[in-house]
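Peer 1: Protein sequences appear in the order of chains Z and Y.
Residues -12 to 138 (the working numbering) are what the first sequence spells out, left to right.
Residues 16 to 352 (the working numbering) are what the second sequence spells out, left to right.
You may find that some hints are simply not true.
[As the list claims (entries may be wrong)] Mimicking BS3-like on lysine-lysine, the simulated pairs with C-alpha atoms at most 27 angstroms apart in a straight line are:
hint	chain 1	residue 1	chain 2	residue 2
1	Y	121	Z	40
2	Y	121	Z	15
3	Z	15	Z	74
4	Z	40	Z	71
5	Y	115	Z	40
6	Z	15	Z	40
7	Z	40	Y	124
8	Z	25	Z	-11
9	Z	25	Z	12
10	Y	121	Z	13
11	Y	121	Y	91
12	Y	115	Y	67
13	Z	15	Y	178
14	Y	178	Z	13
15	Y	74	Z	25
16	Z	15	Y	124
17	Y	124	Y	91
18	Y	54	Y	121
19	Y	74	Z	40
20	Y	74	Y	115
21	Z	40	Y	91
22	Z	22	Y	124
23	Z	107	Y	67
24	Y	121	Z	25
25	Y	115	Z	107
26	Z	107	Z	22
27	Y	121	Z	107
28	Z	107	Z	25
29	Y	67	Z	40
30	Z	22	Y	121
31	Z	67	Z	13
32	Z	22	Z	71
33	Y	178	Z	12
34	Z	12	Y	121
35	Z	25	Z	15
36	Z	12	Y	124
[Stated by the list, open to error] If we take Cβ atoms under 7 angstroms as the criterion, some of the chain Y residues that face chain Z in the derived model are:
hint	residue
37	54
38	58
39	69
40	70
Derived from the structure by calculation, the hints contain no laboratory data.
Predicted, not measured: the structure shown is a model, and the values here were computed from it.
Backbone N, C-alpha and C define an ideal beta-carbon position, used for all residues, glycine too.
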Amino acid sequence: MKLIVFCLFTIYCCSLVKASTMEHKKLKEVLRELKMLKSNLPNTELMMNTPPKDIEDCCCLTALTCFRETLLEHFGISGKYQKKLYKSLNHTLTVSTFGLNFCNTETSTTNCSTCHSHPKENASEFFNRLESLVQRVRLFQIYFRKLYIKY
Amino acid sequence: LFFSFSFLYLLCSTSGYILSLYVDCLVVNLDYISCTWNKTGTPEVNYTFYSKLGNDQWKMCNHYLTENNVNIGCNKEIDSRDRFKTFRTQLTNGSEWFEKGHELKKQVKLNPPTNLTVLNGSDFNLWFYWNHTSPAPLHCVESEVRFRTNNNNWDVVSAGIQKYCINLPSSSSRYELQVRNRVDDACGESIFWSDWSEPVVWGSNNSTYAKNSMSPWMPVMYVVGAITVILLAMILLHHERWQLFVTSEGFFSLFFKDWFQFSKGLKDNFKPDYNERACPVREYNYVSQSDVVSSDGSTCSVTTDQTDCSIEHDPEDLSAPFPSNPVSSEEVQKASV
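With the sequences and hints as input, model every part of the structure.
Peer 2: Shown next as C-alpha cells:
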C-alpha cells in the first residue's frame, strides 16, 4: 500500500515538472511564430489597441486576451502565420502560464484596463509589446519552475 | 529682426548644451542600471539625476558615479524583469531639465563567465566548463567561445550551456580558450556580448610531459624491431636455401633447376648442332560429339585442322598416352591391333 502511494506521488510530481516544461516550450513556440509573423507583416501602418508595456503582474492574462482578440480582429486567421500564432495564444498551456502561475488568486484583477481603453499603436509596436510580454512571462515562468523544483 | 536672431542664437546654443548631455543607460548583468552622461566630456556642473521605472514614482539617484568630484553617472539596482518596463530619466541642475525615455530590454551587458576550467575527459576529449554570475536562468543565456591552437588565429563558435568540447586534442598542441555570453533571443536578446573571460590554456605544460613519458617507449620499440630483424636474418641464414644462395652455383641451381626442365628443349635449341625433327601434319577425321563427352558430362568442341608438336610423341610408341587432341585414324587402327 505504501509503495503504491509513493509511486502515485512520484508520478504526480513528475507530471507537474513535465507540465511546466511543456509551458516553457509552448511560450518558446509562441515567440517563434511571432517572429515569423513580424517578418511577414502585411500592413505595418495599421493602428490597433495595444496594452502598455508596464502591465501589472496580475493583468498579464487580460493583456494576453487583448492581444489575441486584436490580432483576430485586424488580421484574422486566414493567413498561415496569423492562424498559428492565434492558436498558440489561445492554447491552454499559454493561458495557464499567464494566469495561474503569474498571479496568485488573492490579488484582484478588477483593476486591469479593458482592451479598447488602451491607446492605439502601429502594428510593429503592437507585436513588439506582445513579444516583450511573452518574454517577461517566460522569464518568470522559468524562475517559478526553478523555485518549484527547489522546494 | 535683431532680437529674433538673438533669441534663435540663444535657443540653439542652449539646445546644443542640453543635447550634449546625452544620457546612456545600460543594464549591467541584470543586476542594476548604469546611466552616464559624460559621453561628450565631463560636465562643468553637478546634475541631479531622477529615474522612473514603469508605473513607479520618480526617484532620485542614491548612488552617483563621479569624476573629478563631478557627477557623471548613476547606478540603480533593479530586478531582472524590470528591463521590460518603461524607463525614463531626468537630469537637472535646477534651471535646466532634460528628460529622456529608454528601451532597456536589449540594452543588457552581462558580466563575463567565471571559473573557466578544462578537463581531459575519459572519452579522450577536452571539456571546458564555466559559470555565469547573472541572475538569468541558464536557458536564457547564450554562450560563445573562441579558441586557438598553438597561438594561431582565433576560431569563434557557439557553445552549449556552460560547457564546450574539443574532440580528440593533440597532446603536442597548445589550446587556449575564452568564453563570453549574452541574453538569448527567447528571453529578450541583448545586443551586447559580455567581455571575454579570462583565458584557460591546455597543452603547454602537458606537451613536455607527454614527450618525456613517450621517450622510454621509443628505444624499446627500436630494440624490439632490431631484434626481430636479426632473428629473421638468422633464420634465413640457417636455412638450406639461403646457404645455397650465397654461392653462385647454388643460385642458378636453386632458381633455375625446375625452369630448366621445362625449357630443356629451349636450351637444346641454342646448341650449334641442333637439329629439329620434322613435325608430321595430319588430317584428322571428324569425331561426333557423343563420343568425346568428358567425364563430367560436358561436351568439348572439335577442330579438324589442329597440329600439336608441344608434346613429344613417337607415333611408333604404343605405350605413350593418347594426346588430348582428336584421334587420328592411323592411331586408332594401330591401337586396335
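Peer 1: Against each hint, give a clear statement of whether it holds in the structure.
Peer 2: Evaluated hints:
no., hint, result
1, 121/Y x 40/Z, "holds, 14 angstroms"
2, 121/Y x 15/Z, "holds, 18 angstroms"
3, 15/Z x 74/Z, "holds, 14 angstroms"
4, 40/Z x 71/Z, "holds, 24 angstroms"
5, 115/Y x 40/Z, "holds, 16 angstroms"
6, 15/Z x 40/Z, "holds, 20 angstroms"
7, 40/Z x 124/Y, "holds, 22 angstroms"
8, 25/Z x -11/Z, "violated, 54 angstroms"
9, 25/Z x 12/Z, "holds, 20 angstroms"
10, 121/Y x 13/Z, "holds, 23 angstroms"
11, 121/Y x 91/Y, "holds, 17 angstroms"
12, 115/Y x 67/Y, "holds, 10 angstroms"
13, 15/Z x 178/Y, "holds, 23 angstroms"
14, 178/Y x 13/Z, "holds, 26 angstroms"
15, 74/Y x 25/Z, "violated, 36 angstroms"
16, 15/Z x 124/Y, "holds, 22 angstroms"
17, 124/Y x 91/Y, "holds, 15 angstroms"
18, 54/Y x 121/Y, "holds, 20 angstroms"
19, 74/Y x 40/Z, "holds, 20 angstroms"
20, 74/Y x 115/Y, "holds, 15 angstroms"
21, 40/Z x 91/Y, "holds, 20 angstroms"
22, 22/Z x 124/Y, "holds, 23 angstroms"
23, 107/Z x 67/Y, "holds, 23 angstroms"
24, 121/Y x 25/Z, "holds, 18 angstroms"
25, 115/Y x 107/Z, "holds, 22 angstroms"
26, 107/Z x 22/Z, "holds, 21 angstroms"
27, 121/Y x 107/Z, "holds, 24 angstroms"
28, 107/Z x 25/Z, "holds, 18 angstroms"
29, 67/Y x 40/Z, "holds, 14 angstroms"
30, 22/Z x 121/Y, "holds, 16 angstroms"
31, 67/Z x 13/Z, "holds, 18 angstroms"
32, 22/Z x 71/Z, "holds, 12 angstroms"
33, 178/Y x 12/Z, "holds, 22 angstroms"
34, 12/Z x 121/Y, "holds, 22 angstroms"
35, 25/Z x 15/Z, "holds, 15 angstroms"
36, 12/Z x 124/Y, "holds, 26 angstroms"
37, 54, "violated, 26 angstroms"
38, 58, "violated, 30 angstroms"
39, 69, "holds, 4 angstroms"
40, 70, "holds, 5 angstroms"
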